[in-house]
Structure formats: structure tokens, C-alpha cells
Amino acid sequence: MSKDVKDYDVYEVFSQKEPTGKFESQFSLLAPNADVALAMAQENFMRREEVPSNLFVVKRENIHFMPPEKRKALLRLDNKDYRQPSHYGYIPSKWRELKEKNAPKASV
Amino acid sequence: MFKPEITIHSDDPRVQEFLERIENGEKIEVDDWMPDDYRLQLIKLIAMHGISEIMGAFPEKEWVPKAPTLKRKLSLMAKVQDEVGHGQLLIRVAEDLMHPLGKTREDLIEDLFSGRLKFHNVFHMPAPSWADAALIGWLVDGAAIVTQKMLAHTSYAPYARALKRIILEERFHAYHGEDMVIALGDGTEQQREMMQDALNRWWPALLMFFGPPENGEIKSNQEINIRYKIRSKTNEELRQEFLDKYVPQIRALGLEVPDDNIYYDETKKQWVYTHPDYTYLRDVIAKNQGPRSQNRLNLRKIGFDNNEWVREALLHNQKAIS
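Residue numbers (our numbering), protein chains in the order written: chain A, 125 to 232; chain B, 644 to 965.
I should point out that these hints are in silico values taken from the structure, not numbers from a laboratory.
All the given hints hold, so there is nothing to weed out.
Below, a list of computed lysine-lysine pairs in the DSS-like style, where the Cα atoms sit at most 27 Å apart: (1) B:Lys807 x A:Lys183; (2) A:Lys194 x B:Lys670; (3) B:Lys807 x A:Lys146.
Cβ-Cβ distance ranges computed for the label pairs, FRET-style: (4) B:Lys807 x A:Phe189: 19 to 25 Å; (5) A:Ser149 x B:Trp952: 29 to 35 Å; (6) A:Phe189 x B:His652: 30 to 36 Å; (7) A:Phe189 x B:Tyr818: 33 to 39 Å.
Every value quoted in this text rests on a predicted model; they were computed, and no experiment measured them.
All C-beta atoms, glycine included, are put in the ideal place defined by N, C-alpha and C.
All chains, please: the whole structure from these sequences, using the hints.
So this is what it looks like as C-alpha cells:
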């Protein structure tokens, strides 16, 4: 029995625009091995990227996806504003106020 | 053939919950629970879309070796490569949906050869002149863009993600086509005549592509797709959008719309025009009996057979022969 495309694996493709950028999911493709997957990824997804800095593929079976029922737990309760810089927005003006209040008194 | 058990009409609380998610504008992922008919409608639509992209490369590639200049040849090749790339993306989306049914890409190809899987073969006609190549890039792609823009709002997230990328690339295709027709339409008398001939040849197929008008009677199939938000517009709405965009372009090129009765009804805000013979879609096109349908299917088959050894060789880890 000859093997055919049904035995190919699904690879997820990721790329990076610049060395300090994050990895971005491009899409998936079907390939017989990682080398071919990389070659196809370049042809399929890098045709118009300006200066891509990296490209990689991962067999989908090696990626652990969060199941649908757990994805709902990703929703945060909207009561965590103390994690946000904007929660501390009073600080710059407070510094100014303090500097004025506690400025060394000009000597008479 | 997989028989849908749980459908939009089922008395299953999960269907109700699913429809609520859709109505709230939520997007569905491949591993989410979905009614069987949602899955089947998507497979049918996306497999047809993907295969149509791949098959669509055949009429376009015919003009690659005959392109009038090197620049034209390069941009046409880039475009043909895009179409095959779109096919790759869409077929992946269909494959993931077919996976729970135990079906693979090979089944899609077999279904294509046996005629069970349809493709847009209304566009598989001879392309005798360079003006036909230009017209395909301009209006055939233009018609596809109108449909794809609507489908980009689909409730199925992986399809929407693929379409986002496809639509970005289609912006190049639209300009590529316009660049070709502007050169011909604004060229010599002979070039404009070539362009007019091509337009006359392709006009009925362009209108037919969107499918028969609903005339207020939406078929159950379409109604399901609209309720599931797989699509959001009717055939006639899409055709009107196509006319809105392209009739003015046709006239701007000094060409004539090959329909003596076409006019824009200002009160109804829509085009009134001569409909093509839609029975041709049902009796000829749906049976893959269009002018070049069998020829192009045969090309696909030859390609598939000739490359069998490559697909097989790639599967085995090859050791260097020392």
C-alpha cells in the first residue's frame, strides 16, 4: 500500500517581523516533513513580507491548545485596575505637589 | 455520506446556545461544539472555494508563456501563485472541519474528479486573446472579491482568518487587472475592440457567477447559511454590488455593457438588467459540462497523477546514497 497525502502532518507556521518582535501565527499547512513545511511556509506566507527576520514551523500535535470550555476562564473580572499603570495616574501631579510643599525654605 | 443528526431544527439545547453565540457576534473555532449542518455547510462552501482557486489557476496560467512583455509575465505569474496559495489556505480550513468525519484532502480531490465536489467552472471558458487574460484579472477577480468581502464577516473564525489574508492579496489582483484593462481600453482602436470582444464573451458568466436571484424566495439552504451567519448577503445583493462597482469602470474605459436594457433605477436604488439564462448553471455548469470544464479537470488529474511519485518520495526519510 502506498502512502499518500493522508499521512502528511499539519504544521502551524510562525514568523517574526524583526528580532525584537513577537512571534506571530501565520496559518497552518500540510507537509510530509519539517524541511518541506519550512519551504512551503516561505512560499505561502513570506511572498510580500518586507524584511522578515525569522520563520518556524511546529507540528500541530505538539501544540497544546486550551479547550473551548477553559477558554472562557480567560475572561478576567473587570476589577483589576490596580494592575494597570493608568490606576496610578495621580502620581506625576502628586510629585509636583510634594516638591513644592517640601522645597527647602529660601534662607533669609 | 455523513448524515447530519443535529441541525438548526433540532430540539437540542446546545443548538439554541450555539445560535445565541452566533447572534451575539461570537466567532466559532474548529474545536468548538457545532451542529452537524453548520459543519457540513462550511465544508461544502470552503472546499468549493479552495478548489475553485486551484482550478482558477489553469485558465490564467495559459497566458503566462504568451504574455506580451516580461513585466506582464512576472506579475501574471505572481498572481497565479497567489491563487494557488489561496487554495492551500482554504483547503486547510476545510480539512480541519472534515477531520472528525475521517475525511482528508485526498477525499476532496477524489470528489473533484468524480464531480461530487463543485468548483466555479462557469468561468472555465476559452481565453483566446490577451484581452481575455486582462478581463479575467479585472472582472472575474472583481466578482470573487465582492463575494469574499462578504464572507470575511463569517461566523467561522478560521475561514475569516484565511479570508483576511486572501483579501489583502486580492488588492494587488484588483490593481493588476485594472492595470491591464486600462492599457488596452485606453490603447489603440484594435486594442479597445479586443477588450470589448472579451467583455461580450464573459458578461453572462460574470452575472451567473453570483447564482440565480432570490426574487423574495430565499431557499432553505441559503436561509440556514444566513442564520448561521456563514454568509450575510443574498445572490442578488452581491450582483448589485458588482454592478455598482464595475458598470462605471466599464463605461470609463469607453466600453459598452453588453446589455441594451441595463439602467440604474434611481428610486429603487438598484440596477435593472437582462438576466442570463440560469438554467445553464443547473443543466450544464453544475454537471461540469461547461466549454472547458472537462479539459481543465483533466489538466488537474494529469498534474495529480504525474506528481504521485513526488508526494510519495517526500514521505520517506531519504538517506543520502553513499
